[in-house]
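J.: Now for the letters of each chain:
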Amino acid sequence: MAMAPVHIPLFYYLIVSAILFALGTIGVIVRRNAIIMFMCIELMLNAVNLSLVAFSRYLSDIGGQLMVIFVMAVAAAEVAVGLGIIVSIFRNRESINIDTLDVMKG
Amino acid sequence: MGTQILFAILAAVAVVCGIGVVVSASPVRSALNLVLVLCSVALLYLTLNASFVAAIQIIVYAGAIMVLFLFVVMILNLGSPEPLVNKLKPQTPLAVVAGLVLIGVIASVVASIPPQASGRLLPEATTGALTIGLSLFSPAWVFPFEAVSVLLLVATVGAVVLATRRAL
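Protein chains in written order, with the numbering used here: chain A, 1 to 106; chain B, 107 to 274.
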């Protein structure tokens, strides 16, 4: 080995992950379009995945990467069911604006 | 040095496109911004030597999930944004403040993590599909694995039921 590779500190990855997570949170709070809120949830899941992979590397434990694979499987299941619900809501109400969906008095 | 520049570029692309996801008026633009975020996060996985997870990220997220999103956006003809009446206008600055506070809280927690010695990094030989597959079927992880397979089956059945029912 000629020279030791330069490692990026774990801190940097976690900060990027925190910023992405906060962006997703802001999006879920601010946006009223159900599909965009869904995308912001995906953004939050990705932020968590990034920190899991970073911990997996820096704590030398492969469990973090396995957890990421489980998170992806759960996200895929969630998207399939959630988009199905959104499509059937749109069929009934011609809108996916969250503000108009008040039958549950939420 | 090259790794740090690469990390800086990828992180900047991820954050800028993440902002794009939140502020885009049209769902299609949000989705395309999200694709860029997913791709840059996949490249960040590569800088962490997690090549298998990076490949899965591209295939499952950018390939399957985002196609599903775009498909629904185009089926519902949501490409042009309807003028939304935002009942919760004062919520927007509060949400930004809450997001900044969230970043600060996470950063203060993260800053208290002791830095690991670089000798304890995950070796590159353990990040391929073979090692991940073997650890997935090790006794510690095989039960979550089977549970996830049941979950995917339930989600498939649920999606079919939701799609075939004519009126809720």
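No wet-lab data here; the hints were simulated from the structure.
Quantities reported herein were computed from a predicted structural model and do not represent experimental measurements.
You may find that some hints are simply not true.
Just so you have them, the derived chain B footprint on chain A, three or more residues with Cβ under 8 Å [said to hold, decoys possible]: (1) 9 to 16; (2) 19 to 33; (3) 36 to 45; (4) 51 to 59; (5) 71 to 85.
Estimated spans, in silico, between C-beta atoms of each pair [said to hold, decoys possible]: (6) A/N97 x B/I219: 24 to 34 Å; (7) A/N97 x B/V263: 47 to 57 Å; (8) A/I85 x B/A114: 38 to 48 Å; (9) A/S60 x B/F251: 14 to 24 Å; (10) B/A253 x A/D61: 38 to 48 Å; (11) B/Q110 x A/D61: 17 to 27 Å; (12) A/N97 x B/V215: 34 to 44 Å; (13) A/S60 x B/F249: 20 to 30 Å; (14) A/D61 x B/V263: 49 to 59 Å; (15) A/F11 x B/T262: 39 to 49 Å; (16) A/V71 x B/V122: 15 to 25 Å.
Some chain A residues close to chain B (C-beta under 10 Å, calculated; not the full set) [as the list claims (entries may be wrong)]: (17) G64; (18) Q65; (19) V68; (20) S88.
Ideal Cβ positions, reconstructed from N, Cα and C, are used throughout, including at glycine.
J.: It remains to establish, for every hint, whether it holds in the given structure.
T.: Each hint, compared with the structure:
1. 9 to 16: Result for this restraint: holds, n = 8.
2. 19 to 33: holds (count 14)
3. 36 to 45: Satisfied; 6 residues make the cut.
4. 51 to 59: It holds, with 6 qualifying residues against the three required.
5. 71 to 85: This one holds; 13 residues, not fewer than the three required, reach chain B with a Cβ under 8 Å.
6. A/N97 x B/I219: 24 to 34 Å: Between A/N97 and B/I219, where Cβ atoms are some 41 Å apart, the hint is violated.
7. A/N97 x B/V263: 47 to 57 Å: 29 Å, violated
8. A/I85 x B/A114: 38 to 48 Å: Distance hint for A/I85, B/A114 holds at roughly 39 Å.
9. A/S60 x B/F251: 14 to 24 Å: Taking Cβ atoms as reference, A/S60 and B/F251 lie about 22 Å apart, which means the hint holds.
10. B/A253 x A/D61: 38 to 48 Å: 21 Å, violated
11. B/Q110 x A/D61: 17 to 27 Å: Since the Cβ atoms of B/Q110 and A/D61 sit about 24 Å apart, the hinted range of 17 to 27 Å holds.
12. A/N97 x B/V215: 34 to 44 Å: 36 Å, holds
13. A/S60 x B/F249: 20 to 30 Å: 24 Å, holds
14. A/D61 x B/V263: 49 to 59 Å: 35 Å, violated
15. A/F11 x B/T262: 39 to 49 Å: 40 Å, holds
16. A/V71 x B/V122: 15 to 25 Å: Once the Cβ atoms are compared, 24 Å apart, the range 15 to 25 Å for B/V122 and A/V71 holds.
17. G64: 9 Å, holds
18. Q65: Holds, because the Cβ-Cβ distance from A/Q65 to chain B comes to roughly 5 Å (cut-off 10 Å).
19. V68: 5 Å, holds
20. S88: This interface hint holds because 6 Å falls under the 10 Å limit.
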